[in-house]
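Engineer: Below are the chains, spelled out letter by letter.
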Amino acid sequence: MAGLAIAPGVTLFDLAHGRAPEEAASSKVRWGMLIDSGKCATGCDDCVAACGKENGFTGSRETDSQWIRKVEIKDLRSGQSHSLPMMCQHCEHPPCVDVCPTGASFKRADGIVLVDRHICIGCRYCMMACPYKARSFVHEELHDQNPDVPRGKGCVESCTLCVHRVDNGGQPACADACAGAGHNAILFGDLNDPSSEISKRVATLATTQVRADLGLNVGVRYQGL
Amino acid sequence: MFSLAKLREMLTWRRGVVLTALLAISAVAVAASDEFASSSSRVAKPVYAEGKGDKCVKEESYMRRHHMNELKHHRNETMRKGIRTSQFSLQGCIDCHADKKTNSVLGKDGFCQSCHSYAAVKLDCFECHASKPKASKVIKAMPNQSVQTGTESGIATELQLNTYTETVEPNTTSGASK
Amino acid sequence: MNIEAFRKIEERAFYALAGLLGLVVLIGLGAAHYMETHGHVVTGMNNQIVWGLPHVFAIFMIVAASGVLNVASIGSVFGKPVYKARAPLSGLLAIALLVGGLTVLMLDLGRPDRLIVAMTHFNFKSIFALNVILYTGFMAIVAIYIWTMMERKMYVYSKYVGFSAFIWRLALTTATGSIFGFLVARQAYNSAILAPMFIIMSFAYGLAVFILVQSAMYAWNGIKLDPAILRRMKNLLATFAGAVLYFTIVYHLTNLYFAKQAAFERFILVDGGVFTTLFWVGHILIGALIPIAMLLHPTIGNKLKTVLLSSALIIVGGFAQLYVIIIGGQAFPLELFPGMQETSTFFDGAIHHYSPTLPEFLLGMGGLGVAFLIATIAVRVLNFLPRDDSYHVSKDSSSD
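Those protein sequences? They're chains U, L and Z, same order as listed. Be aware that the first sequence starts at 1149, since it is given in the numbering used here, and climbs by one per residue. Be aware that the second sequence starts at 195, since it is given in the numbering used here, and climbs by one per residue. Be aware that the third sequence starts at 12, since it is given in the numbering used here, and climbs by one per residue.
Any given hint could be a false lead.
Each computed EDC-like pair below joins lysine to aspartate or glutamate, with the alpha-carbon atoms no more than 16 Å apart [stated by the list, open to error]:
| hint | chain 1 | residue 1 | chain 2 | residue 2 |
| --- | --- | --- | --- | --- |
| 1 | L | 275 | U | 1170 |
| 2 | L | 275 | U | 1264 |
| 3 | L | 328 | U | 1292 |
| 4 | Z | 235 | Z | 346 |
| 5 | U | 1222 | Z | 346 |
Everything labelled a hint here was simulated from the structure, so no lab data went into it.
Please work from the sequences and hints to get the whole structure.
Structural biologist: Here's what the structure looks like:
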């Protein structure tokens, strides 16, 4: 899996990342993210802005979609506070998939949790079930969608881990934006590949799963909490 | 169970007249609508605008009959498995068939809409899917050839040989969820 | 009005009633159409409160539908002749209310045009998908049940079909309660007690609806209900209302015992604003204490008017209770980081707001309209009027 070294520090990369178009996503891969809240600045919302731009949503009314949001948390006893982005955690055992009556909510082989809008009936049961408040319902008609990110009224949606970019060998827009701004608080990678940066860090650092008590084995991990 | 006597009681002559009148009206309406269908001037003929490419991904006769099945099959493969082949991709259709003036497959003369209006088949794709091609032309790359640099930054920055489509942003934000 | 005078205008009265209900249904459909074309932005629902007033109406009707069948079950399964005479009406109301409730639930979907998808794609791990099967099965079984009761040749089977209907309705209400009970993430739900609680709620709401409809039919036909039967039904109603109160107390006591639930309980019971008011005044006072006291009062408790008023209060209390459970449960924010204060642009850590709009209310009323239109027409076309054989009544009432 590790790829062929063609020069020091440069490897020919043949992971399922950038796989052939006719090749299906494989369960050998599990996409995930590691978010370092120590590097995530209060007030910075580059990741949120990039996600909105990529996926086509704006606004923060109660009826507006928010695939990713910045959460500020504060321990009232110690006064310690953190800032972090919160989005779909791409659970291994997603409650949204369990409750979906039609099977529109599903988990792809490579661990990305998606909504199949073709069979979503808009019942919103998944929104009731999600522990992370990661899902949004499209409350009104949309126009001028990104051709890569179809979205529309009456269906539920959430972070797709920028599946259209990942399938083409890229990484999610939020991770790109965070790195582009020099924060490097969001690390995207394959949790199943022991040689990937994310796996190495998860193996050595103390990382946290939000609502670990639910035993969902999330794909988005946090460090520094 | 069903009391026939009661039913008969309910069917008074007045109601009988009303029922007959209703039946007569609907019969006339059906006959009239048949007549409209036969006079071709009532409904605009669909527009078969030339696509941008040389030829379609399959014979036109096949596509006319089966495009919906192919699109549905393709959508499930893409959605569920992440298979993104280009032959029956909806984006491919739109890239080729978008109207030269409106840059869209919708509208009165739009490739999709004009024919669907003619055939009176509901077109459900474009409530979610964009009806215009991506703002810049996607250069189809060869897969499996991206290069990864082992940077120390902690973020695996990928310098990809396969010209990953960093394109001009399409107009995604305007109007979307306001 | 004099019953003789009413007889003369009876036919016109029926068409007027049916027309009125039809209008309510049409307005409801119009509201649903408005919601569908404009999107849910025209409702009070949002990404925080995702289920609103339509769900309160729908779940009330679905719960009451299974409960109203209880009257038949007491007759067929437990062999009480007084209730046997009421079984066909009970079955009819069960189907009518279920259709009404499902209509609302279906028309509130983001994509009601995809009903066929809901009927052809099943995720059997979803309690919702299971409910689709349980609801349609319920309608079929109850329809067969009514048939066996009304068709002399089939009558021998009515006991068995009645028993299956009873088991089926228990499963159905368990599954309805589990829609909430299985939501592990939310403080308000995630409790096995919700399933039996919904069953007992169904007993109370269902009987209250039945008593009101039965009285309306008796008044229409100028028949007087036997006081012994009235007494028996009102005692049963008081028992059911008391049982709902008991389950409510146990539910909240359990939560109060767990330190992690203290904040949520404080919200509902003390400082939740409209939810606290609805809980104490709507559910506990109007929906339980007042009707129970009235029904058990030695003198006024036996009056028809008291029983009717109590039934109405129990229904009002039921709506208040479901509003608190469904909307109050969502208004309290999800706790992502226990012990931490959370803030975000997506309203984390804040109490969520919901103010229902007119279209939602009209859709809910439309569902009630559907239920009562079905019942009104069926009652006129077929013989659903409960007729008591005086022999049974007098024999039974001694052993009440």
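Engineer: Against this structure, judge whether each hint is valid.
Structural biologist: Consistency of the hints with the structure:
no. : hint           : in the structure
1   : L/275 x U/1170 : holds, 10 Å
2   : L/275 x U/1264 : holds, 12 Å
3   : L/328 x U/1292 : holds, 10 Å
4   : Z/235 x Z/346  : violated, 56 Å
5   : U/1222 x Z/346 : holds, 13 Å
Consistency note: the structure conflicts with earlier hint 4 alone.
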